[in-house]
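**Q** Hints are included, so try docking the two chains, each in its own frame, into the full complex.
Listed here are the chains, written in short residue letters.
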Amino acid sequence: MAGGFSVQGVEIEGFKGFTSPKEIDFKGRHVFLLGENGNGKSSIVEAVRWGLFGSAYRPNEVVKNQHYAGPCRVRIKLIRDGEPWTLRRTLNLGAGSTSDPILTDQQGNRRNMREIMPQLDSVDAGEGTHIIFAPQSAPLRRQPEDLNPFERTVFNYLDLTHPQALLSNIEEFLEGQADAEHKLSDELTEARNNIEGQISQERTRRGRILIDPPWGDGPSPSIVASEQKARSFIEEVTGKPIEDDLVGLSLDALLESAEELLDERRTQSQDSLESEEAELAKWRGRLEDFRGFHRQVSAQESIVKCTQAKLDATLQCLTPDELQEKLEDAKYKATTESINGRIVQDAIVLIGRDESDRVPCPICESHQDRHILESDLQNRADHPDNKLSSKVAALESQLQEYEVLQDRLNSQVTLLSSLKQSCGKAMNLIDEDDKGKLAESVDIDQLINNYSEKESVVKAQIDDQVTWSRSKHTQLERLKEESWFHQVQARLNALLTDRRELERVIKSYDNLVSFGKSVSVIREVVETRLREQLVQDLPRVSGTLSKAFNALAQHPWYDRLKIAEATLPKLELRVASSQDPSGREDPTGVLNGQAESALNLVPYFAFSQSDDTPTEVYLVMLDDPTRALDTGHIKILVERLRELGRNVQLIVASQETERLEMMIPDAFDEDSYVIIEPTGWSPDSGPELNVSYG
Amino acid sequence: MAEEKSNRTFSVMVTQQLNPEARELWAPMADHFVRGDPEAVKTYLDGERDRLEGNVRSLLEQFKGS
Numbered sequence: 003m004a005g006g007f008s009v010q011g012v013e014i015e016g017f018k019g020f021t022s023p024k025e026i027d028f029k030g031r032h033v034f035l036l037g038e039n040g041n042g043k044s045s046i047v048e049a050v051r052w053g054l055f056g057s058a059y060r061p062n063e064v065v066k067n068q069h070y071a072g073p074c075r076v077r078i079k080l081i082r083d084g085e086p087w088t089l090r091r092t093l094n095l096g097a098g099s100t101s102d103p104i105l106t107d108q109q110g111n112r113r114n115m116r117e118i119m120p121q122l123d124s125v126d127a128g129e130g131t132h133i134i135f136a137p138q139s140a141p142l143r144r145q146p147e148d149l150n151p152f153e154r155t156v157f158n159y160l161d162l163t164h165p166q167a168l169l170s171n172i173e174e175f176l177e178g179q180a181d182a183e184h185k186l187s188d189e190l191t192e193a194r195n196n197i198e199g200q201i202s203q204e205r206t207r208r209g210r211i212l213i214d215p216p217w218g219d220g221p222s223p224s225i226v227a228s229e230q231k232a233r234s235f236i237e238e239v240t241g242k243p244i245e246d247d248l249v250g251l252s253l254d255a256l257l258e259s260a261e262e263l264l265d266e267r268r269t270q271s272q273d274s275l276e277s278e279e280a281e282l283a284k285w286r287g288r289l290e291d292f293r294g295f296h297r298q299v300s301a302q303e304s305i306v307k308c309t310q311a312k313l314d315a316t317l318q319c320l321t322p323d324e325l326q327e328k329l330e331d332a333k334y335k336a337t338t339e340s341i342n343g344r345i346v347q348d349a350i351v352l353i354g355r356d357e358s359d360r361v362p363c364p365i366c367e368s369h370q371d372r373h374i375l376e377s378d379l380q381n382r383a384d385h386p387d388n389k390l391s392s393k394v395a396a397l398e399s400q401l402q403e404y405e406v407l408q409d410r411l412n413s414q415v416t417l418l419s420s421l422k423q424s425c426g427k428a429m430n431l432i433d434e435d436d437k438g439k440l441a442e443s444v445d446i447d448q449l450i451n452n453y454s455e456k457e458s459v460v461k462a463q464i465d466d467q468v469t470w471s472r473s474k475h476t477q478l479e480r481l482k483e484e485s486w487f488h489q490v491q492a493r494l495n496a497l498l499t500d501r502r503e504l505e506r507v508i509k510s511y512d513n514l515v516s517f518g519k520s521v522s523v524i525r526e527v528v529e530t531r532l533r534e535q536l537v538q539d540l541p542r543v544s545g546t547l548s549k550a551f552n553a554l555a556q557h558p559w560y561d562r563l564k565i566a567e568a569t570l571p572k573l574e575l576r577v578a579s580s581q582d583p584s585g586r587e588d589p590t591g592v593l594n595g596q597a598e599s600a601l602n603l604v605p606y607f608a609f610s611q612s613d614d615t616p617t618e619v620y621l622v623m624l625d626d627p628t629r630a631l632d633t634g635h636i637k638i639l640v641e642r643l644r645e646l647g648r649n650v651q652l653i654v655a656s657q658e659t660e661r662l663e664m665m666i667p668d669a670f671d672e673d674s675y676v677i678i679e680p681t682g683w684s685p686d687s688g689p690e691l692n693v694s695y696g
Numbered sequence: 013m014a015e016e017k018s019n020r021t022f023s024v025m026v027t028q029q030l031n032p033e034a035r036e037l038w039a040p041m042a043d044h045f046v047r048g049d050p051e052a053v054k055t056y057l058d059g060e061r062d063r064l065e066g067n068v069r070s071l072l073e074q075f076k077g078s
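In the order they appear, the protein sequences are chains U and D.
Sequential numbering from 3 applies to the first sequence in our numbering.
Sequential numbering from 13 applies to the second sequence in our numbering.
Hints may be right or wrong, so weigh each one.
[Stated by the list, open to error] Once the Cα atoms are required to be at most 25 Å apart in a straight line, the calculated PhoX-like pairs of lysine-lysine come out as: (1) U:LYS427 x U:LYS437; (2) U:LYS509 x D:LYS76; (3) U:LYS284 x U:LYS437; (4) U:LYS185 x D:LYS76; (5) U:LYS509 x U:LYS519; (6) U:LYS437 x U:LYS312.
Just so you know, these hints were derived from the structure itself, not from any lab.
Chain D extracted, bound-state conformation (with noise of 0.2 Å):
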């Protein structure tokens, strides 16, 4: 309890420093921060990257094929 009350003031912290879109990013990466878990933030950008660099091969398959 003492390390996640540890990893939530400083969650805070670093959102109080963010720009709002920043902000928007850093939410479910500081869900994952506060329960201890810092394997799990790069697991879910590996996956928002992982979607969104999709997204552009899907299209850029697209448009090789057209």
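Isolated chain U, as found in the complex (with noise of 0.2 Å):
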């Protein structure tokens, strides 16, 4: 510990397993942690490496005890060349995990921290310094820096500390540079996709227009003769010069307001022809239906007047009573005709009775030859007297066919009666000119041939006002598509504009992605030469580590430790045999759970008992060394570790209290360690320590 500090003992307060302070006094010597785990050996490892450099384990991890109300701090007391320092720690509470360190002399007097302790400047090993800590469960103890510890102090050992670290932070640099160019390259990729989309939409779009250009053939026309052609449109639709509130408009408005005047001559033309035209029909209309009534009234005249000529005939010059008579008296007659020949039937039966030649007529009573009687009789009887019911039968037929047509008359008359009375209605529609001209004996067909000549004349006109009307919204349309193609042309031009910018954006992101193959050259160089560098020197460093295996591990077979090139300047273990002639070599998978654990000491004996290490070691913290070895690994490792306590102070934390117990007064001189034991841990007082001085 020549020229180097010693840690003479530590004040713990309110630091992980510890509330109240508790004062532990080394005196300088080695210190031998003994105990089951979780009462506070680890606690107090970790207190004197929070103590020296301000960083806890593993990131994020939580120092201070949070039972304890009061601060968290750790006071080292230490010693160089006889004179003792103090070197106190303080957390900052509510600032993360930032803590300042304040170093005084035996006078109290504070000192600069870098003048004095230039390697307690930084938590890596710096010169003059070396601390080691084992892993007391390496998946959740891992180290914050992409280096584990052996690979850390074999760069150290070798000088490459800071080369390594260069590699490191470049390699950091080239992800965050990949991150950068991968962001920007995915947006400009993006935005290339993006107007190259829209260029190309509009290319097709002009390409459509152009099939069939709205100006016919010939160049595109500039949008100033698009403009002129507008506005001769504009004094073609109204008929005069172009009115001053539409000079100066761009091409839209004008064809906007063309689009708005053209409406309105339409509206204005058209309407009024079409209001003339019904108009016309309106009165031609009348005049027809007036026409219609009117011979309708003469056919129905004619029908009545026929029909009333029938009934004249039926009733033959008699009226209808007259004829009813008639009727009555035939009726009469005929009934007595009837009855005169029932009187003969009974005169042939009465006849019949009586057998005289002559025999009383039974209807005048005078007597007459019977025979003779009798066939007169029967005569009368077989030839009646039929014209009587005849004639009855005519005369009802007569008086039937009197009332059928009566009623016909009455009906075809009231049906004149409403068709004079419609006729009449029309008449009084009809123009009050017409009316004139038809009281003057003006023929009505020709009144209405009249109207319908006017009609023709006003729909001819209606039809080549329309015909107008389409061609010039034909050429409207036109001229909007033509105002759509300089739409879509400055687009164009504007998306060009645009890519060009864009172009220079690339650039610019050209420039940083040259800029990340720049570094990653030097990358390559710097790894490359790191590696020479290591494979030079990597025959020294295996003949080292193999010595600190062979010590510790005593394997039958493996005896040597090489540092594999293939995966340089990542530093990766493999174990060969002396005794094997192909000079094989294995993962340090394939040794048994002795040589592991042995394994992962190496380093630290190796590079602290060097002849040759260009470092000094002023101390060693070994957290749990004994892990899973037998009672002669550990006789081993006490021996390893009498011989490293020649020139380092050691801090030995172990659960392996009973061998070491009995191991270590053998190995150490008893006025040369200290066994501190903690026994239990409360709350309110922390570990509770059992401290035995050799």
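**A** Quick look at the structure:
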């Protein structure tokens, strides 16, 4: 420990398992912390480490005791060249895990840490200091840096810490560079795809227009020419020079005005003609209605006249009453004739009862020859007078026909009356001039024809107007398409300008990529150079490692440790045997538990005891180095620790209380060590410690 | 001093193997490295990248805004 510091003791308050302030006097000796896990052994080792370097073992590790309201503080008493120094470190509450160290000399004067203890300025093993930690539980206690403790130790031993850190920093930078390039590349690709898509879209639109250009043959017109066309169009539509308020308007605005003016004109001209046409149709229609009714009246009058004539013919110059009386008279006579017939029949029967030749006539009571009378009566009975019944039938038929005709005539007269009424109404609806002309016996058909001819003229005018309007609309649509072409062209030009702008961005991005490539080149060279340096030094390192491994493991076959060249500058250990003529190298996983545990300790022993080490080791802290070791190997470890302890101060934590308590007194001078056994822990007082000196 | 000398030797050997473009970039990195501050190398590189990335982003924002 010549020329260096040794740790005299430590006072711990509010750190990890410690609550109220507790001072532990090491007396500058080797420290063996023995006991079960969970009682505070590791807290003491870590308190010394934190006191010296101010960094927790794990990232985001909470070092402050959560049960203790006081500060989190560690005070380390140091001795250098016989002079006492005090290093006090206090955790800044509420400021993450930062802490401030205060170094004071024996007079209590505050001294500059960097000036007095430059080797303690950083966590990494600086010049003259080697702090070594054995991982108590590797998966949980991984180092925050990308190097494992073994690699850090070897790089430090070979004085290649800075080149390795350089390489590590460049690689870390390149990861960030790749992310930055990737993000920007994505954005630029999206922007480029977007703009190319829009350009393609506008070109397609322009291509569609150019298949049938709205301006006809020849080159596309300038926007000024298109505006002039629009103004001329407006003048054609309005039929007068363009108004002042339309001068200076854009093409779009001009076309909008043109459409409004065209609609306005169409509305005015066409509506007027259509209205005129409707008016003519109305008067013509009314005349036609009147003519229709008039014709119906005439026809109906003829029908009535015809029916009346038939009726007159049926009555045969009789009145209906006379016809009825004649029928009654005929019926009476026919009835009398019927009765006479029955009397003749009765007379024939009566004569038949009388057998006389001369018999009285039952009708006239005169006696007549029987046969003659019978013959006469029989003749009368056989030939009744049928004319009377026929006359009755004829009269009845005549009367019936009269009644039918009279009904028909009544209906026809009613209809005629109605038609005459409608005709009068229709007459009232026709134009007064037309009434006058009709009164002057002008032919109604002529009047109707006059209207029809006028309507035809108006319709022709409407058709002309519609044709003109359609033509103008077509012309306007072409002008709009021309305007659309100018818009597409303008957008296309703007997009092409944007694309040139994007090219500038991409060029700027290329500078970033080029910068990254240059850094990659540097990384390659640095890595190559570091690898070359490592290859050059590896035999020496492997020899030192093998020596320590043999001493600790005493493995019957594997007696060589090598660092694989293939993975450089990543340092990977391989084991080999000097008895193997093939010189094969195996991964360290082939070792048994004892040898593997020993292997974990190799770097600390190898580089701290090496004669040619360029660094000076003051303090070695080992947390649980005896894990998984059997008694034989623990014995070997203690022997190696004894040798190590000749030059450096040891702080060793182990669960192997019984075996180490037996071995330590045999290996170390009694005034060279202190054994500290945590015996219990309480939330109020923290760990209970049993401290015994030699 | 021994450390600086060792770093300088390393830096010179790296310089010799670089192309002119990378050598130009390496020069300021080498200064930090030789002084024993590899962290500053990353700080320097991060700064350069931020500057270049800033240029791209600025132009990209202008482009998007246009």
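**Q** For every hint, state whether the structure bears it out.
**A** Status of each hint after checking the structure:
Between U:LYS427 and U:LYS437 the alpha-carbon distance is near 13 Å, which keeps this suggested pair within the 25 Å criterion. Only pairs whose Cα atoms come within 25 Å are accepted, and U:LYS509 paired with D:LYS76 is accepted, the gap being roughly 16 Å. Among the hinted pairs, U:LYS284 with U:LYS437 is consistent with the structure: their alpha-carbon atoms are about 15 Å apart, no more than 25 Å. Taking the CA atoms of U:LYS185 and D:LYS76, the gap is about 16 Å. The hint holds against a cut of 25 Å.
A hinted pair counts as satisfied when its Cα atoms are at most 25 Å apart, and U:LYS509 with U:LYS519 qualifies at roughly 15 Å. Between U:LYS437 and U:LYS312, the direct Cα distance comes to roughly 37 Å. Violation of the 25 Å bound is thereby established for this hinted pair.
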